[in-house]
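Asker: Listed below, chain by chain, are the residues.
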Amino acid sequence: MMDEYVLIACSVLVLIGMTAAILHRDPFDKLISLSLLIAGIFPFIVDRGYLDVAAATALIAPLSTIFILHVCRRETA
Amino acid sequence: MIAIYVCAGIAVYAAIRIIAERNTMRKLPFLNVVSFAVTGIIALLLPHPLTILAAAAYFVGSTLESNAIASTWSGGIKK
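Residue numbers (the numbering used here), protein chains in the order written: chain A, 1 to 77; chain B, 78 to 156.
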């Protein structure tokens, strides 16, 4: 079970990722911050016992990042 | 119970180091550190046999994501 220290740590991870994704201007920095945000939400999914949802999301979320990376490379090159 | 606190502390410290670094290349190792720490939190959170599958899936996915960002940022093969 998740107690308050781990809950605060994961909430800090989500909030840092959200703030950095808003404030950064470089698209790669935005993607790194978005990856930090996604890393922060996973313990909340696992804490409720939705382990199949967590496994599916862990395999689908990098695919969306790779699709956004293609868009970034098209703009910079 | 102390192990999950250590993992949470490492995750928060690496997240603070990510937003403190100005160079994009120096952010990427700390993104890997966050992924490892969150994998540890997921594996230690529930005493269920399917938890290790979710942790392994997250480990594979986050490593793929970090390496995709790093290889695209570095530019690939120069022609």
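Quick caveat, the hints were computed from the structure, so don't treat them as lab data.
Mixed in with the good hints there might be a few duds.
[What the hints assert, rightly or not] Per the computed footprint, the stretches of chain B lying under chain A, defined by three or more beta-carbons under 8 Å from a beta-carbon of chain A, are: (1) 85–95; (2) 115–124.
[Claimed, not checked] With the C-beta cut set under 8 Å, the calculated list includes, among others, these residues of chain B facing chain A: (3) 101; (4) 104; (5) 106; (6) 109; (7) 131.
By construction, the Cβ of each residue, glycine as well, lies at the ideal position given by its N, Cα and C atoms.
Asker: All the hints need checking, so say for each whether the structure fits it.
Answerer: Okay, the hints, checked on the actual structure:
no., hint, in the structure
1, 85–95, "holds (count 7)"
2, 115–124, "holds (count 5)"
3, 101, "holds (5 Å)"
4, 104, "holds (5 Å)"
5, 106, "violated (11 Å)"
6, 109, "violated (10 Å)"
7, 131, "holds (4 Å)"
In this structure, the hints that do not hold are numbers 5, 6, in rising order.
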